[in-house]
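Participant: Construct all of the structure, not just a fragment, from the sequences and the given hints.
Protein chains in written order, with my numbering: chain D, 1 to 309; chain Z, 1 to 253.
If you're looking for bench data, these hints aren't it; they were derived computationally from the structure. Computed from a prediction, not measured in an experiment: that's the story for all the values here. Don't take each hint at face value.
[What the hints assert, rightly or not] No more than 27 Å apart at the CA atoms, straight line, and that leaves these computed lysine-lysine pairs for BS3-like:
| no. | chain 1 | residue 1 | chain 2 | residue 2 |
| --- | --- | --- | --- | --- |
| 1 | D | 79 | Z | 252 |
| 2 | D | 218 | D | 140 |
| 3 | Z | 84 | D | 293 |
| 4 | D | 209 | D | 229 |
| 5 | D | 278 | Z | 252 |
| 6 | D | 78 | Z | 252 |
| 7 | D | 129 | Z | 87 |
| 8 | D | 131 | Z | 87 |
So you can see what is in the structure, the chains are spelled out below.
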Amino acid sequence: MEAVIRVEGLGKTYKSGLVALDHVDLEVKRGEIFALLGPNGAGKTTLISVVCGIVNPTRGRVLVDGHDVVREYKAARKKIGLVPQELATDAFESVVDTVTFSRGLFGKAPNPGHIEQVLKSLSLWDKRKSKIIELSGGMKRRVLIAKALAHEPEILFLDEPTAGVDVELRRDMWKLIGRLRETGVTIILTTHYIEEAEEMADRVGVIDKGRLILVEEKHALMRKLGKRKLTLTLAEPLAAVPAALGEWDLSLADEGHSLVYTFDAKAERTGIPSLLRKMQEEGIAFSDLDASKSSLEDIFVDLVRKDGR
Amino acid sequence: MNLHGVWAIYRFEMARGLRTLWQTLVAPVLTTALYFIVFGGAIGSRMQDIGGVDYGAFIVPGLIMLTVLTQSISNASFGIYFPKFSKTIFEILSAPVSPLEVVTGYVGAAATKSVVIGAIILITSTFFVDVEVAHPAAMIAFLFLTAITFSLFGFIIGIWAEGFEQLSFIPILVVTPLTFLGGAFYSIDMLPPLWRTVSLFNPVVYLVSGFRWSFFGQGDVSIGLSLGLTAAFLGLCLVIVTWMFRTGYRLKA
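Facilitator: Quick look at the structure:
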């Protein structure tokens, strides 16, 4: 698939001397959902801000559908919708006015039908005449999403969209994102909720200290870096891992009632059959067994730690 | 040209003015009526004519200028400062609008409001004194030029300001004194020679004088000089605004 966003050698050093982005190269493919993961202050928001034109890059360049975001900013920005992390909304305007304003600002002719459809899809239609200041935080978040969608963008940035959002809105939002993807919209999101990236994203990028540590197709990433665990519930608790089982990576859990075997998911030989045979020889009986894959979160924590913290 | 974008900003700003109609229109009109009662009615009756013009009528152009100046500055500065304060500026910065389009929207709306207020004050004044306008076209042109120039100046202050104190600092500490000392209520010919010379360094003198010329066919300085200096100030403001957007000064990191 072709790249809709190309980030080339991007660097941003703030006036304070803080290096927020340090030579970032990234391609986002058309129509995909790309999740950007990273701890606070890693540079996620700065990266989004440079692409959207809110922050000037220090080095490098960004192309949106072939348009340089600095030199051909109009062509680039027309394609982008941005939902910021902060709940920055107007206060005294009505919901429908502020969403209509956004559409005009992005250079689109009025289209009440589209505004209606956006408001309905975000359950804002009943509140369209309310002043924004009267809305709850979750409703304001919906308004920000509606504003970003008002001009029918081809690319949608969601910066921490589900931070501090209730379960219902989170569910609505994922449904909406699913629908947008079906219409061909490219979605880039940052999140702290790794299970969201795991559930929704096609590809994942991990950023830390302004550097993009890796970009990988999500399933490949989990296959490549994922560890698997086999948990055996023992019939009789053990005080320590028996020396005879020393060649496997074993640990005890649940006060000796469970034996946990961690193994590399990509290895050809898992070592499970031999472990089970050996246990039988040693007379260690188990009543149940359970296998699990490590989550993206485990992988992520592992990566960031390796990066030198 | 993103005309939809310009129109969106213009309408947004005009709607803000309509929401606060009391503050936008009624307050300046009331203030001006008070000036007429005090300066025109109470004190004016004891003042002699200035250059053959009745004192009550003489202060009309000065009063309109005083209001148009302060309203242009406060309206335009607040219009751009508030989105910075509430952080909604992100949307303007991320939108496909050029600096010229942003300025046209904000400054156009602020100037429109100022011109409307100026017109209302002129109408109000006819209830108190007889006012005749010698050069209507020049009067309207001067009114627009002033409203646009000082709305642009206010826009610059709004971008520059980093707090509400700074936002009111320039209007209160610089513009109001300059306007009062700019001959709004007197002719600078009435001042001692030294202060007359000092007054010539006050840019507001040229505005008030030029505007007064359009009413009575006479001013403290020539109309050409008035127009020239106002246009020069407009040019200076345009250069500053262009520089602000080009560098992202206090707008972008």
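Participant: It remains to establish, for every hint, whether it holds in the given structure.
Facilitator: Cross-check of the supplied hints:
A C-alpha spacing of about 21 Å is found between residue 79 of chain D and residue 252 of chain Z, which places the hinted pair at or below 27 Å, so the restraint holds. With a C-alpha separation of about 31 Å, the suggested pair residue 218 of chain D and residue 140 of chain D falls outside the 27 Å cut-off, and the hint is violated. Pair hint residue 84 of chain Z plus residue 293 of chain D does not hold up; C-alpha atoms about 47 Å apart against a cutoff of 27 Å. Of the supplied pair hints, the one linking residue 209 of chain D and residue 229 of chain D is violated, its CA atoms being roughly 30 Å apart against a limit of 27 Å.
Of the supplied pair hints, the one linking residue 278 of chain D and residue 252 of chain Z is violated, its CA atoms being roughly 65 Å apart against a limit of 27 Å. The suggested pairing of residue 78 of chain D with residue 252 of chain Z holds, with an alpha-carbon distance near 19 Å, which does not exceed 27 Å. At most 27 Å may separate the alpha-carbon atoms for a hinted pair to count; residue 129 of chain D and residue 87 of chain Z meet this at roughly 23 Å. Restraint check for residue 131 of chain D and residue 87 of chain Z: satisfied, since their Cα atoms lie roughly 18 Å apart, inside the 27 Å limit.
Violated hints, listed in ascending order, are 2, 3, 4, 5; each of the other numbered hints is respected by the structure.
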